[in-house]
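Given the coordinates of chain G, work out where chain H should sit on it, guided by the hints.
For the record, the sequence lines run as chains G and H.
Residue numbers for the first sequence follow my numbering, so the first one is 4 and each next one is one higher.
Residue numbers for the second sequence follow my numbering, so the first one is 4 and each next one is one higher.
I should point out that these hints are in silico values taken from the structure, not numbers from a laboratory.
For glycine and all other residues, C-beta sits at the position ideal for the given N, C-alpha and C.
Treat the hints with care, as some may be off.
[To be verified] Computed beta-carbon distance windows for the label pairs: (1) H:ASP201 - G:GLY87: 53 to 59 Å; (2) H:THR473 - G:ALA323: 43 to 49 Å; (3) G:PRO333 - H:THR550: 54 to 60 Å; (4) H:PRO333 - G:PHE296: 17 to 23 Å; (5) G:GLY250 - H:ARG290: 57 to 63 Å; (6) H:ASP488 - G:THR339: 56 to 62 Å; (7) H:THR550 - G:ALA323: 56 to 62 Å; (8) G:ARG7 - H:ARG7: 52 to 58 Å; (9) G:VAL498 - H:GLN571: 16 to 22 Å; (10) G:VAL343 - H:THR68: 37 to 43 Å.
There are 2 protein chains.
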Amino acid sequence: MSRRDLDFLLFEWLRTDELLDRDRFAEHSRDTFAAVLDLAEEVATEQFAPHNRTADLNEPHFDGTKVELIPEVATALHSFAEAGLLAAPLDEAVGGMQLPLSVFNGCMAWFHAANAGTTGYALLTMAAANLLSQHGSPEQIEQYVGPMAEGRFFGTMALSENQAGSSLADISTRAEPQPDGSYRLFGRKMWISGGDHDLSENIVHLVLARLPDGPAGTRGISLFLVPKFLLEADGSVGEHNDIVLAGINHKMGFRGTVNTAPVLGDGAFTPGGRAGAVGYLVGAENRGLPVMFAMMNEARIGVGLCATALGYTGYLKSLAYARERIQGRPLGAAPTDDPVPLVQHPDVRRMLLAQKSYVEGGLALNLYCARLVDDIASLPATESADQGQLLGLLTPIAKSWPSQWCLKANELAIQVLGGAGYTRDHDLELHYRDNRLNPIHEGTHGIQGMDLLGRKVLGDGGAALGLLLTKIRATGVRAAEAGGDGLAYDAALEVACDRLAEVTGIVGALGDQGAMLAEASAYLEATGHLVVAWLWLEQWLTAHGSTGDFYDGKRAATAYFFTRELPQALLLLDQVAAADGLTLGLNPTSL
Amino acid sequence: MSRRDLDFLLFEWLRTDELLDRDRFAEHSRDTFAAVLDLAEEVATEQFAPHNRTADLNEPHFDGTKVELIPEVATALHSFAEAGLLAAPLDEAVGGMQLPLSVFNGCMAWFHAANAGTTGYALLTMAAANLLSQHGSPEQIEQYVGPMAEGRFFGTMALSENQAGSSLADISTRAEPQPDGSYRLFGRKMWISGGDHDLSENIVHLVLARLPDGPAGTRGISLFLVPKFLLEADGSVGEHNDIVLAGINHKMGFRGTVNTAPVLGDGAFTPGGRAGAVGYLVGAENRGLPVMFAMMNEARIGVGLCATALGYTGYLKSLAYARERIQGRPLGAAPTDDPVPLVQHPDVRRMLLAQKSYVEGGLALNLYCARLVDDIASLPATESADQGQLLGLLTPIAKSWPSQWCLKANELAIQVLGGAGYTRDHDLELHYRDNRLNPIHEGTHGIQGMDLLGRKVLGDGGAALGLLLTKIRATGVRAAEAGGDGLAYDAALEVACDRLAEVTGIVGALGDQGAMLAEASAYLEATGHLVVAWLWLEQWLTAHGSTGDFYDGKRAATAYFFTRELPQALLLLDQVAAADGLTLGLNPTSL
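Bound-form chain G, shown alone (with noise of 0.2 Å):
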């Protein structure tokens, strides 16, 4: 990560300083935002870093019994806790530090680059948490909450099941009520990050399963915190709960987490003599998927960042090389004349400005939506109703767009390295590796593209797009004011602006639903593109009237971002509105 893009992002362009005007926020300062950051960057570079090869060439390993780690995870995740950075986004009524989103996703952010798969356990845990302490009964919260702040406890999100992956509406898993008001669930689960290991005294699963009486598809679907160990009355870890591992995932990347499927209810364990996981109500019954989703949007926003950080570490990495690696010379240039470093050839600065303008756009996209997230927090709801919409309509782009394009960083920062970037010597083809799961998980980019199209656009009507619209062109009009390439830019804005608008009114007057969401997913990538362009121009603007190498490389990206990447949104909403039906229409048979 780049600390200087990061100070950048957060203090010239969203002026995070402004929120600590803030009840919220008013315990912090400019310097104790510095501070953690200097924490995060440390932590992330003396404890996580370093084993990340390690562990993808030790992944976890299942006896049958019990899942072994490398002790660097354990060691690496007990200083991140003991940083303090577990409790740092939670609130302060719940034992947290209240630490603004903004700065919170700047320090995860060299977390990712430096091992995403350590940073998974702790970040399932911050979810988890975060949900509890916003949903759980007050006895949840003071046995679980402060636990997992302090890493004595770990978390898990458990909704999958095999034959539910994508479709949540298929879940299987039952939940028995039972006299004394606890449930006991049963059923199988698959693909659970952090589903068992030794690193945490207890993990808590948060499991969504359905009741007996639940009616079919989402609306019948429950939240339970289902403990490894059943707590004992004073809050320390007692019997073991019937929830064990049936085994676990062998992945391409990603293999420092653990990812598992849990069995729960088959009587490996009988907590209280029977079998049955133990499990606790978490929110009203029938009511897990909402309760779900509400953290689903901050947990989309942290696999963009993974994203992001994944590549912007790829970005640097290759750039590195590329200036120290000497190899060719200039076209023209004589076979006696010294070769010169890779950066000197135009191609080789093509694909470190698209790695660039990529990595840095995501990481602009992902703080201006954590900085959604802290307004809704900290203002007063009267007036964060814009902000509200702008993150549920951002969101599924936050998710998807960095998943898709910082992934291509990561192939094109192999490529800056030839050879030697396709070999297991560089980082670069495991970061690779590890970003290819982000187009997956928390909702797949074809999940993504429906919500943006049918719940996000249409679902309201096209006021949220609307507000969005109204925001992108007010930047525009201040690039045109300043002048310069502002004024082209500008211009390519309301173009694109105009079109979006234009062919989401053709999409809407299609009726049916199937018409209008065949392609969904087209939409989202034009409706990314258009957003991260419009982020570019607002770092331009931030960086108007700067000189200097940070801010000349500012102006190239958005350059390289208006004249090369941009079109594609056009394109792609060309076929949007084109409705063509290609896809919806064809006979799979014909495949």
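Then chain H, alone, in the frame of chain G:
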């Protein structure tokens, strides 16, 4: 691979039967073509595919002295040789079968798809044998080509050095002439696939090196045959030559093909009592690079075939999964409705149809180029000038286009499977990792762009490009005559051809070589998309009037490519035409 598609491309479209009327191929028949394709499918499926994952999980091991491979590799390659496939493309005069390359590439596609790593050894051997059969002395041919065609000797192409990857001008391995007409070589090579193993009695290294008085740069490089073991007078294997390994490289994929760092002449062995690797000049002094590059066309087309086959098998596997795997419901279905196969979801169909357009397009491109090779080999020189020009022009595209887009196909294949695709339980992640090599070796993507634009297009004043455009336009005219969608396809091709010609003129007029080649990669990608659109239209025409799923699929993929892909070529050409100098003029310190 799909035999149905191979038969369509070879016999319905390319009319490979026509080759039987030419002297060179007169010994063959439609039946022998079918028989060798059957044999390839059988050997690939039974001997190569079963150990593809095993070889990935148990990569070659170097103990400091020798390389150990899993035994299945030798067994498979023995079967390959036994089937006569090593000899198949060679001339009868050197013991070959003189099989048309178009048919042979149809065979090789099965092997790449089954196990790209093991196939690598065969490919390298065939390439070396082919080179020697055309440029070696009669004695070299007698001593080496026969045993290579039988699989007793394997081959390598030892070009790169650590300081000279893409920049062959910097090769520093030196060759000292000896009184007996042989040479002694001293130096270190890098990235040499198949550089040592026990798969064969001997290894025939084709090594680029410099004579003491050779001029600097690429005009001072000579080619040498350096056997691992020197031959006795009777052709049997004798003393160990002074070539050993400094180590092997550990890669992201393509792990089955050992990649090595050979050292020549450091005295590990002392043939004839002294240090120095004994080598024999192939061709003329200082003419090593032109000889090597004469073979490079076929090697690059071979890389394109590998990329295509990896994409193709990924497509078929993700299609099979999407047809079987039940998950989710159509939009608007009730939660109590039965879930449906993945292939029923339009976004899954999008990912499958995109893959189909890439992999079948890539295969058409490969077989078209192979047919040009066959024409050049079988027609009188006076009748094959056009084919020679076209082949030279299309080679960088045949190498780079599938390397880019069939890698994309593998990315989509993983996405079709979702989380399952990210695991090592399925082949998709392996194909993706393997395929990531193809944009790098045998000339990187950037090198192909400069070859196309600098050498093949501008280098002959646009003559070859003019020939290509004439052929493309002629196909368009036929499509327009066929009517229906053909009218729109013709119009789209016309627009793209006009624009490519126009933009080529703009670039050619830039004057400065650096400015002309700054956007060479974009030019390469644009031209590639136009060429593949053309070949889709050729397939559409071939399918025209035929009914049934297979032909409907060809029509759907043509529609996909023309509506979703071809427009990207025009964007890229706009970028080339703008010649904004963004990467050329970029100050690297601002990156």
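Tested hints:
The supplied range of 53 to 59 Å is met by ASP201 of chain H and GLY87 of chain G, whose beta-carbon atoms lie about 57 Å from each other. One distance hint, 43 to 49 Å for the beta-carbon pair THR473 of chain H and ALA323 of chain G, holds here, with the actual separation near 47 Å. A hinted range of 54 to 60 Å for the beta carbons of PRO333 of chain G and THR550 of chain H is consistent with their spacing of about 57 Å. At about 22 Å, the beta-carbon gap between PRO333 of chain H and PHE296 of chain G stays in the expected band of 17 to 23 Å.
Roughly 60 Å separates the CB atoms of GLY250 of chain G and ARG290 of chain H, a value that falls within the hinted 57 to 63 Å. Our hint of 56 to 62 Å for ASP488 of chain H and THR339 of chain G holds, since their Cβ atoms are close to 57 Å apart. THR550 of chain H and ALA323 of chain G have their C-beta atoms about 58 Å apart, which keeps the hinted 56 to 62 Å range intact. The hinted window of 52 to 58 Å between ARG7 of chain G and ARG7 of chain H holds, with their beta carbons roughly 57 Å apart.
Range check, VAL498 of chain G to GLN571 of chain H: Cβ separation about 18 Å, and the 16 to 22 Å hint holds. For VAL343 of chain G and THR68 of chain H, the hinted distance range of 37 to 43 Å is satisfied, since their beta carbons lie about 38 Å from each other.
Taken one by one, the earlier hints all hold for this structure without exception.
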